[in-house]
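Enquirer: Here is what each chain is made of, one letter per residue.
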Amino acid sequence: MNKIVIDDMFLTTDMPTTAGSKMLEGYTSLFEAEVLTRLKAADYVIAGKTKVGEFGADLLGETCYFGAEYEGETLQYPAAAAVKSGDAKAAVVMDVNGAPRRGAAQNGLVSLKPTYGRVSRYGTIPVACSGETVGVIANNAADCRDVFTAMAGYDSKDGTSLPESMTEQGKAAVTKKNKVVVLSSMLKGTDEAVQGRIAAVTDQFTKNGIEVVVADADVVAYAGAAWNILMSAELCNNVSRYDGVKYGYRTKNYTNIDELYTNSRTEAFGEFLKSAILFGSETLSTENYKKVYDKALRVRRVIRDNMAALLADCDALLMPAASALAYSRTLVEGDKYLPYKENFFTAPASITGLPAVIAGGVQLVGNAFSEDLLLDLAELV
Amino acid sequence: MKYETVIGLEVHVELATESKIFCSCSAHSFGADPNSHVCPACCGMPGMLPVVNRRVVDFGMKAGMMLNCDINRVTTFDKKSYYYPDLPGAYQTTQWFAPVAVNGRVDIETSAGKKSVRIKQIHMEEDAGKLVHDISEGTTHVDFNRTSVPLIEIVSQPDLSSAEEVEAYLVRLRTLLRYAKVAECEMAHGTMRCDVNLSVRPEGSDVLGVRTEMKNMNSIEAIKRAIEYETARHINAIENGTEVLVQETRRWDDAKGKSYAMRSKETAGDYRYFPDPNVMPVVIDDVWYETIKNSVPEFPEVKREKYIALGLTEYDAERISESIMLCECFEEASEACGNPKEVVNWITSDVMRILNAKQMTYEMLNLDNKAFGKLISLTLDGKISRANSKKILSAMFDDRAIEPEAYAEANNMLIGEQNDDLILGIVKKVVESDPKSVNDFKNGKEKALMALFGKCMKELKGNCDPQQLKVILLECING
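As given, the protein sequences belong to chains A and B, one line each in that order.
If you're matching positions, the first sequence starts at 1 in the working numbering and goes up one per residue.
If you're matching positions, the second sequence starts at 1 in the working numbering and goes up one per residue.
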């Protein structure tokens with residue numbers, strides 16, 4: 001039975017979609033996410049929704065209004081937990097800010113974040129539209145591949161969806177080189193467990209005749225900083241629509257429209273989201289646009305060019321998905337900037353739109369349209 | 001001291017596309033029930049993604065070409081953020097960084113002479129909804145019908161210096177955009193709106209004065225009144241120190257004939273523009289560009305000169321070239337019947353009379369122009385009487401599918417040779433049935449002939465060449 005769970009970021013007409021926020025508590029959409037329509041048509045059964053952090057922007061769901069999930073004292077990503085426990089064959093997830101990749105890595109699961117534009121975002125709660133993608137978490141590469149195949153493809157309802165002709169052309173350009181590059185600059189700040197996983201996967205590849213070389217690419221290390229700016233700005237804009245006027249939470253405490261806006265948002269949004277809104281708003285101000293936001297856009301292009309150059313003669317860039325394979329309650333509750341910091345590892349794929357696969361606790365970032373090749377590599381791990 | 005007024009205009013024009021800019025909802029909801037032309041996309045519900053309506057880009061490009069602009073071959077959309085209940089997503093998708101058209105020019109002529117008004121840019125954007133205040137309940141309701149209806153904003157350089165020039169500029173814009181068939185431009189319908197940026201300075205000075213922006217003028221006349229008022233207010237402030245001029249947005253109250261400063265809250269704020277990541281840059285390739293370029297009509301002056309060369313009077317040429325619909329009617333009908341002078345007579349008499357009777361504007365003219373030309377030919381050839389041709393034309397206004405000859409035949413309006421015996425038969429019958437009139441005529445009463453003629457025509461239902469009928473009638477009476 002093809003039982004799957006979905007992040008509470010996908011709009012459904014038969015159950016509410018909250019995006020982990022009090023703002024959307026009880027909100028039921030008038031239409032369904034395109035991926036769900038496609039998955040149902042391919043005989044997948046949606047067993048239920050998994051909790052996400054507020055608007056999917058945090059570390060592993062710890063900012064969910066309906067409660068974070070801890071396994072003992074270790075923070076757990078609900079979608080990954082559902083797959084790990086066997087409740088579902090796979091989880092369809094929204095990779096806004098890397099949470100699904102971190103969740104898969106810490107649980108030893110396989111996860112795919114496809115090339116930007118290969119899976120429709122129609123009917124997903126919009127947060128960081130320029131980089132977020134629909135992804136999959138499963139027990140193995142084969143299940144990931146099945147789910148991805150069922151939901152990928154052009155959708156005219158999404159202006160950023162890639163036409164089939166472009167996808168075919170892109171896939172044809174992917175050639176196998178039997179070479180993986182470890183980016184040493186991305187190992188910064190990782191713990192022993194993570195470094196151990198990198199070493200283990202390197203061994204695994206070498207044994208299978210894949211050449212593993214180490215390279216330095218400092219510029220990729222700026223992806224996190226640039227992505228935090230872009231992501232926060234887009235988030236700020238995207239959650240502006242929740243103003244208490246049309247749907248969602250409305251304060252009881254108002255006498256005019258300004259109070260309605262301010263109090264609804266103040267009462268319904270959580271602290272992490274508010275900090276992201278303020279940060280994002282600031283980066284877009286007339287004063288800061290050129291020196292902050294526009295610079296981040298230019299950095300994005302430089303990173304994209306650099307990563308394309310690095311990927312020109314290898315199959316994937318091998319890097320950690322996180323600094324650690326477990327986050328304790330004390331750490332999570334003690335450092336409100338942790339999600340921004342951990343973006344260091346997930347942002348390179350988010351900001352470039354390149355596909356990434358998690359396997360064996362590490363991350364492989366590949367060329368555009370190389371999902372199949374990345375999943376082949378994951379099978380060796 | 002003498003002063004000069006420096007005016008720049010921001011004109012919003014609703015594009016006449018079938019559907020809205022980013023969804024497939026109908027863009028035409030004038031007079032419709034509130035929220036009857038909406039979907040989750042134009043209501044800003046989460047999860048809907050914008051898909052650019054290519055017709056909007058077609059129209060934006062064409063408008064740019066009409067105003068002599070350069071077209072940005074890669075044009076992008078940006079988000080402009082602000083909170084207002086009529087803006088469901090709390091952002092407006094507009095063009096901030098790479099508008100569709102830039103660096104244009106509009107030529108005008110006034111009593112002060114000819115002038116070129118530079119166009120800074122034309123950008124495409126979505127309209128906002130409307131707030132409806134229920135005073136009895138003390139509540140406010142939102143109508144999203146207009147949300148996401150496509151607009152272009154035409155931003156001029158501050159090249160205008162009087163109300164008369166502003167009027168000439170707006171009329172010219174309206175004519176050109178209607179010529180291109182991209183917009184209705186009806187201020188009374190809100191499909192053309194104009195904000196006036198105005199400052200005053202001593203004549204000859206090259207330093208600009210304090211600029212104010214005025215909104216809420218609903219007609220060209222109101223705009224002229226607002227400019228006169230605001231100019232006087234500025235001069236008064238400068239000369240007499242009646243008030244300190246500040247850069248601000250003001251609301252024109254046409255009933256009171258005054259402008260009022262809007263609350264700073266309504267105008268202040270940082271719009272935090274940034275590129276909309278959900279709308280891919282629109283790349284206008286050569287094929288697309290040329291297709292639109294080829295669809296740009298001749299300008300009114302060119303048409304007028306051409307018509308004069310065809311033998312039309314200056315007056316008629318001017319009247320026809322006023323509207324692209326009249327031009328097309330004239331050109332296509334002339335081609336079909338080969339007699340431009342006759343066509344212009346029909347247009348300026350019959351067509352305009354029917355339009356007037358139906359309370360239609362020139363832009364609403366929906367005739368099959370070739371069929372209209374055919375109708376003129378049939379009439380000139382004596383196959384349809386002039387009286388019947390008017391009836392047929394009127395019917396053609398209501399039904400484009402009418403083919404004049406077939407329609408005339410089906411309704412016994414066709415004058416044919418086979419009818420000669422019929423005419424004679426009817427004339428004989430009438431003459432026999434009214435010996436009194438025959439005798440009266442024979443005794444010199446000319447009117448009696450007209451009575452007989454009228455009876456015959458009635459029996460023939462008008463399907464007869466009057467000259468022919470008269471000849472037959474006289475032959476019959478005179479035996």
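It should be emphasised that the hints constitute simulated quantities derived from the structure, not laboratory data.
For clarity, every value in this text was computed on a predicted model and none was experimentally measured.
Positions of the beta carbon are idealized from the N, C-alpha and C atoms, including for glycine.
Watch out, some of these pointers could steer you wrong.
Computed footprint of chain A on chain B; a stretch qualifies when at least three of its residues, placed anywhere within it, have a C-beta under 8 angstroms from a C-beta of chain A [as the list claims (entries may be wrong)]: (1) 38-44; (2) 81-95; (3) 310-318; (4) 405-414.
Here are some chain B residues the structure puts well away from chain A; computed CB gaps all over 10 angstroms [as the list claims (entries may be wrong)]: (5) Ala32; (6) Lys120; (7) Val142; (8) Asp143; (9) Glu186; (10) Thr191; (11) Leu208; (12) Arg225; (13) Thr231; (14) Glu243; (15) Ala261; (16) Met280; (17) Lys341; (18) Asn366; (19) Ile472; (20) Glu475.
Below, a sample of chain B positions facing chain A; criterion: calculated Cβ distance under 10 angstroms [claimed, not checked]: (21) Ser19; (22) Tyr229; (23) Val279.
Enquirer: Going back to the hint list, which numbers does this structure go against?
Expert: Checked against the structure, the hints that fail are numbers 3, 4, 7, 16, 21, 22, while the rest are satisfied.
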